[in-house]
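All chains, please: the whole structure from these sequences, using the hints.
Protein sequences appear in the order of chains A and B.
Per my numbering, residue 505 is the first one in the first sequence, and the count goes up by one each step.
Per my numbering, residue 1327 is the first one in the second sequence, and the count goes up by one each step.
I should point out that these hints are in silico values taken from the structure, not numbers from a laboratory.
No residue lacks a Cβ here, since even glycine has one placed at the ideal position from N, Cα and C.
Treat the hints with care, as some may be off.
Facing chain A, a subset of chain B residues (Cβ under 10 Å, in silico) [unchecked claim]: (1) Phe1411; (2) Ile1415; (3) Val1417; (4) Asp1432; (5) Phe1531.
Computed list of lysine to any residue pairs in SDA-like fashion (alpha-carbon distance at most 25 Å, straight line) [stated by the list, open to error]: (6) A/Lys805 with B/Arg1423; (7) A/Lys805 with B/Arg1405; (8) A/Lys654 with A/Leu672; (9) A/Lys805 with B/Lys1536; (10) B/Lys1536 with B/Asp1503; (11) A/Lys805 with B/Arg1344; (12) A/Lys654 with A/Leu729; (13) A/Lys805 with A/Leu700; (14) A/Lys805 with A/Lys654; (15) A/Lys805 with B/Arg1387; (16) A/Lys805 with A/Leu729; (17) A/Lys654 with A/Arg703; (18) A/Lys805 with B/Ala1441; (19) A/Lys805 with B/Ile1393; (20) A/Lys805 with B/Asp1503; (21) B/Lys1536 with B/Asn1518; (22) A/Lys805 with B/His1457; (23) A/Lys805 with A/Arg732.
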Amino acid sequence: MAREPSEAPPRPYTPGSLLPQGRITGPMPWVIAIMMFLTVLATAAGIALDHAARTLSADVSDRVTIQIAEADGELRGRAVRRIVTLLEETEGVGNIEVVPDATLSAQLAPWLGSDMKISDIPIPALVDADLVTEEGEREERLVTLDRAVKAINEQARVEPHANYLTPLARLVGVIGILSFGAVALMAIATGAVVVLAARGAHATHRGTIDIMHMLGATDAQVVRLFQRRMMLDALFGAVIGFTVAVIVIILVGRSMAAVASDLVQSVSLPVFAWVLLPLLPLLGVAVAWLSARVTLQRALKRSL
Amino acid sequence: MRSAAMATIVQFENVGLRYGPGPETLSDLTFSLDEGTFYFLTGASGAGKTSLLKLLYLAQRPSRGAIRLFDADIVTLPRARLPGFRRRIGVVFQDFRLVPHLSAFDNIALPLRIAGVSDDQLRPPVEEMLHWVGLSDRANAYPATLSGGEQQRVAIARAVIGRPELLVADEPTGNVDQEMASRLITLFEALNKLGTTIVVATHDFNLLGKVADAQMLRLEKGRMADPTGALRYPPRPAGVD
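Written out as C-alpha cells, the structure is:
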C-alpha cells in the first residue's frame, strides 16, 4: 500500500472534536446564569441580614432608655440630672447619654412640624444607658433600676431596648436563614438542570457514543468528553450570573448607604462575604461537574 | 487454508438471542471461527445475519448459551472489560455509522484516537488508509457530503485501521460498484493474510467465489444451516468427498 501525497492534505487533527462545535447543553448556561445570579443575591442577603441581626442583638441587649414623662419642665430637668447621677453611681451602668432636645425635636418633626419648640409641649426626657448584667440577673436589675428611678420621679420608667428590638432582630435573622435555605434549594435546582442537560446531551449524541463504544471507548473516555464541555458551559453561566449579581449588590449597597436609617444601615456585607461570594461560581461548576459525571455514568451503564 | 494448528478465535455453544419478550431471533447456534480464516455469512433477509454479527462485535449479549471470544467467556465478562475486547475487533456497519460532524480523516482516525494514539502518530496510517480506499482528496469532507460508496469506504477504512484480530463486516460492498467491491475484498484478503479473521455478511454471491479458501456460514430463520460451519462455496456435488 504505497502512499502518495494527497492533493488536499487533511486539516490538523484537533483534539476534542468528537462532539459538535459550540454548546452541547442547549439553554443550560443561561439557566445556570440565572440560578447563579439568584444564589449570589440570596447568599449576600442572607449574610447581610444575619450580620444585621447579630449587630442589632448586640446593640440592644444591654441598652436601656429611662423615659421621664414629667409634664413640668423644671421637675423634668431636675429628675434628669438626678437620674443621670444615679446611673453614674450604679455599678454596671455606662455609656450614659441624655438625648438632646434637638434630637427629640427632629424625631417628632414629621408629626408636629419643624417649627415646634420642645418647651411648647410636655415631651418626655430620655436618658440612654448600657446596663451590663449577667444573663440571669438582668430582669432583677431592671426592676431594681426601675424602682430607683421611680423614687426620683414617679413618671420615670426604664425601657429595655431588647423588648421591642429583639423580635425585629429575630425576624431579620429568620429572613437571613430563609435566604440560606433559598441558596440550598437553588444549588439543588442547579444540579437538576445539569442532570437534565446531561441526559439531553446523552440522548442527542447517543449515536456518537454508541460508535465510540463499539470502537472500544471506555465509559471514562465518553464521560470525560461530555464532562469537559458541560463544565465549560456551566462556568460560562456561573461567571455571567455572578458578575451581574455583584453589580446589583454594589448598586443596592450604594442605595442603602444613602438611606438615613439605623436599621437599613445595619444591613451591610461584612468583609468575609466578599471572600465567600466569589466561591459560589466555583461551587456551581463543581455541582455541575458532579451532576454531569454521575448522570452520564448512570446513563452509559444502561447500555452494554 | 484451515489447519489443525489454527486456534479457535470464536466459539458459540447453543447460543440463542431474543429481543424483548418476542421469539428468538437466533436459536441454537453452535459453531466456531478459526484464527486467520475468511468467512462469508449468508442468508436471506431476516435470517439473523446482523444479529449474529452484533453478538460477534459485542453489541449484544446472548439470551442463552455460551460464547467464547479471544479465550474469554463473553457472557459473564464484566462490562468494564468489553472495551479492551472491542478494540481487537473491527466493524463495518451496514449503515456505516460515521460520526456526522467529523471529517473522513477524523472518522478513520477515531479508533486510533480511542486507543490513545497521539495526533502525530495517527496521521501517517490515516493518510495511508485514505489513499488505499481512494479518498485522499476527500479527507476533509464530512459524511453528509460523501456519496454512499464513499461513506462505505470510510467506514471500512475505520474498521481496518487498527489492524483488528477479528473484522466483522455487514454488507460491506452493498453501496459500491463491482470494481470497488473487488478492491475492498482484496483489502480484506490482505488483512486476512496478515492474520485477521474476517467475517463478511453479504447477499452478493459474486463475492463468494473471489476469496480462495473462504468458509461460508449460512443462516436460515435464525439457525445455522450447516451446524458444522464447514460448508464451502460453491457447494460440493452430492457424493463427492
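Tell me the numbers of any earlier hints that the structure contravenes, in ascending order. 5, 8, 9, 12, 14, 17, 20 and 22
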